[in-house]
Every structure is written in structure tokens, then in C-alpha cells.
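Q: Chains as they are written, first to last, in my numbering: chain A, 1089 to 1263; chain B, 1089 to 1263.
It is possible that part of the hints are untrue.
Identical chains share a label here; the pair holds if one copy fits it or two copies do between them.
List of simulated lysine-lysine pairs, DSSO-like, C-alpha gap at most 27 Å [as the list claims (entries may be wrong)]:
| no. | residue 1 | residue 2 |
| --- | --- | --- |
| 1 | 1230 | 1143 |
| 2 | 1106 | 1143 |
| 3 | 1224 | 1235 |
| 4 | 1183 | 1111 |
| 5 | 1148 | 1103 |
| 6 | 1106 | 1148 |
| 7 | 1224 | 1106 |
| 8 | 1187 | 1245 |
| 9 | 1230 | 1245 |
| 10 | 1183 | 1224 |
| 11 | 1245 | 1111 |
Derived by calculation from the structure, the hints in this document are not laboratory data.
Number of protein chains: 2
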Amino acid sequence: MSTNELQEAISGLQKTFKEHPEKAIVDYHSESSLVDGFRSDVQLRQHRLIVDEPKAIGGKDEGASPVELILAALATCQEISYKAYATALNIPLEKVSVKLTGTLDLKGFLGIDQSIRPGFQHIQGTVDIQSSADSKTIENLKTIVDKHCPVLDILNKGVSVQLELSDKEKERKIA
Amino acid sequence: MSTNELQEAISGLQKTFKEHPEKAIVDYHSESSLVDGFRSDVQLRQHRLIVDEPKAIGGKDEGASPVELILAALATCQEISYKAYATALNIPLEKVSVKLTGTLDLKGFLGIDQSIRPGFQHIQGTVDIQSSADSKTIENLKTIVDKHCPVLDILNKGVSVQLELSDKEKERKIA
């Protein structure tokens, strides 16, 4: 897709959602099952993902692990947001790459120390931009991207999660 | 891997980390680049992922989108945590499947309405457990899993994220 086509796609979405705000509300779905050991198969629309744990954690390492998917989600959301906003704002962008490191203390997950959180202690990373734009323009772009990147927002602020045992489980309880 | 082998793997990790707490601190890494349009290729150790946006958002839909990876991360982390804790606690677990829905208002990402967050408004889902254990045991298992699941912790509480432009960018600024 050329820059012009992408600009048209973005401005088309903005026009549509300004006129019909309700059309901007989108549900995303995931369906998955543990198939063997720690391996899970995930269906995201037509896309299939294999998730597993490394051998050191007891898995067969047949796919990336769940916490690695968090890093992948953040990195790619950043990259897409840079592309979208650079395109919309007519800022040249030859390349964008992201390297991330997330630090986890497994004593939290394994219940060895209740004072340690199970999730990442922190995520750190670098964004590498190749662009003919000046540094001030790129820094302003970073500010705009970081304000609008969906996954960065989710990780920075958290999100309300409600998980329930399925109806089958509830029925069993009543029976 | 048999239940016994998995039990040994988990209790082995717990023993190692009690004796050497520093060994439990693990760094996870992600390296990715935008390759074309909104498509990004991600490397997570030896695992490669293709991430893209749906056609309706301006992508070519060559892979799942970043926010879908958030759902996949949560679902599989739940499933693996159920398997790990059921195994460690000798609770029978024939199957565990998770269905999730994340609701996003694209007016946040596209900067149309600054009062709308770019990330998920909320995530809702069901966990389907097949087990010969009674309902009270499964509900207790859910409580333990939800307390220790790394991705649920990340999403519930958020995580500190630091992103910097790469040194190349800083050098350009000084130059």
C-alpha cells in the first residue's frame, strides 16, 4: 500500500468515525485451548498461534510464551502507530524497529514469595527510527505515538479484566 | 510430558529458586521491524511472528493485530497457569479452554476524541474447565490461578514501560 493509499485509509476512518462514532467500537476475540503439557493453540479470526513455555519452565518450546506475546504486542503496536501517525502527519519514515526487554521474577508466578508480583517488574526498550526528518520532528512524533498507542495505554494504565468459569461449571455447581 | 514429570519440573523450579532466588529473575526479549504497510515481523528467541492490521484498518491482514496478541497472551497464560497449579496441587484437569473479548474504541487510537482511551475499554471472558474435581475445588483453583497468572497481573495492575529513541537518534540530535 502506497503512502497516499494509507493516508486515504486513515483519513477515511477518521471521517467515518466522526460521522458514526458507534462504528469505531470494535470487539476483538480470542479462542484457545491447552492441547498438551503447557502448549496452547490460539485462534484469532483466521490466524492461528502456537504458544508454549520454554523447556526450562517445563514446556516443549513449540511457540513463544505468553509474556513474550505481551512484548510482541507492545513492539508491533508501537511500530504500527509510528507508521500511521507519520503517514497522517506527512513525516517521512523509512524504517521503524523496536527492541524490548521485559524482566520477570518467577518467584511470583510460582508462589514462592508473595511480595513479588507475578507479572513483569518492568519493560524497557528502544525505538530505532530511520527518517530524513529532523530530531525535533521525530521526538514530537514519539510523543504523539506514545499518547495514542493502544497497547502502551493498556500496559501503562492496566485494563479491567473479568473472567468467569463457563456456564457448564456453573451448572455443575447447581447440580 | 506426564503429570509426574510436570510435577517434578515445577517442584524442581521451586526448590532451585528457594535456594538461589536470583536465578528466578529472567529477561525476555523481543526484536521486530515494520516491513511493509502495517505489517511487522517479530523475533522472540527462535520463534517468528507476523503481525498486521485487518484490511478495514488499512493493513493486509497477514497476521493477527497487536491488541489480539494481548488477548492471546492472557488466554494462554491463564491456561498454562491452570495446568501448572492443577498439576502442583494434584487436581485433575482434563481440559482448559479460554474465550476472550476485548472491546476497543478506535476513536482513541485515531485521536478523534481525547477523552477515549486508546487501549481496551475492558476484557471479558470465560474459562471452560473439564475436570472430575468438585466445583469448590475448581473455584479455589481459579482463585489461586488469578492470583499468580503473570499476564493477568500485568493487565490488572499495569507495568512500568520505558521507551527511548535509539542512540542513533540521540547522536543525530547532538550532531
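Q: Run every hint past the structure and note whether it holds.
A: Verification of the hints:
In this homomeric assembly, residue 1230 and residue 1143 come within 27 Å of each other (Cα to Cα) only across copies, at 25 Å, whereas the closest approach inside a single copy is 37 Å. For a Cα distance limit of 27 Å, the shortest separation of residue 1106 from residue 1143 across copies, 20 Å, qualifies, whereas the shortest one inside one copy, 49 Å, does not. In this assembly of identical chains, the alpha carbons of residue 1224 and residue 1235 lie at most 27 Å apart only when taken from the same copy (17 Å versus 44 Å across copies). Taking identical chains as interchangeable, the C-alpha atoms of residue 1183 and residue 1111 are never at most 27 Å apart, the minima being 31 Å within one chain and 37 Å between chains.
When the C-alpha separation of residue 1148 and residue 1103 is checked against a cutoff of 27 Å, the pair qualifies only between copies, where the shortest distance is 21 Å, while the shortest distance within a copy is 48 Å. Taking the shortest alpha-carbon separations for residue 1106 and residue 1148, only the inter-copy value of 24 Å comes in at or below 27 Å, while the best intra-copy value is 48 Å. In this assembly of identical chains, residue 1224 and residue 1106 lie within 27 Å of each other by CA distance neither inside one copy nor across copies; the values are 30 Å within and 49 Å between. For the identical chains of this complex, residue 1187 and residue 1245 are neighbours both inside a copy (21 Å) and across copies (23 Å), given an alpha-carbon limit of 27 Å.
When the C-alpha separation of residue 1230 and residue 1245 is checked against a cutoff of 27 Å, the pair qualifies both within a copy, at 18 Å, and between copies, at 24 Å. For the identical chains of this complex, residue 1183 and residue 1224 are intra-copy neighbours only, at 17 Å inside a copy versus 54 Å across copies, given an alpha-carbon limit of 27 Å. In this assembly of identical chains, residue 1245 and residue 1111 lie within 27 Å of each other by CA distance solely inside one copy; the values are 25 Å within and 29 Å between copies.
Figure legend: structure checked against the earlier numbered hints; hints not met, in rising order: 4 and 7.
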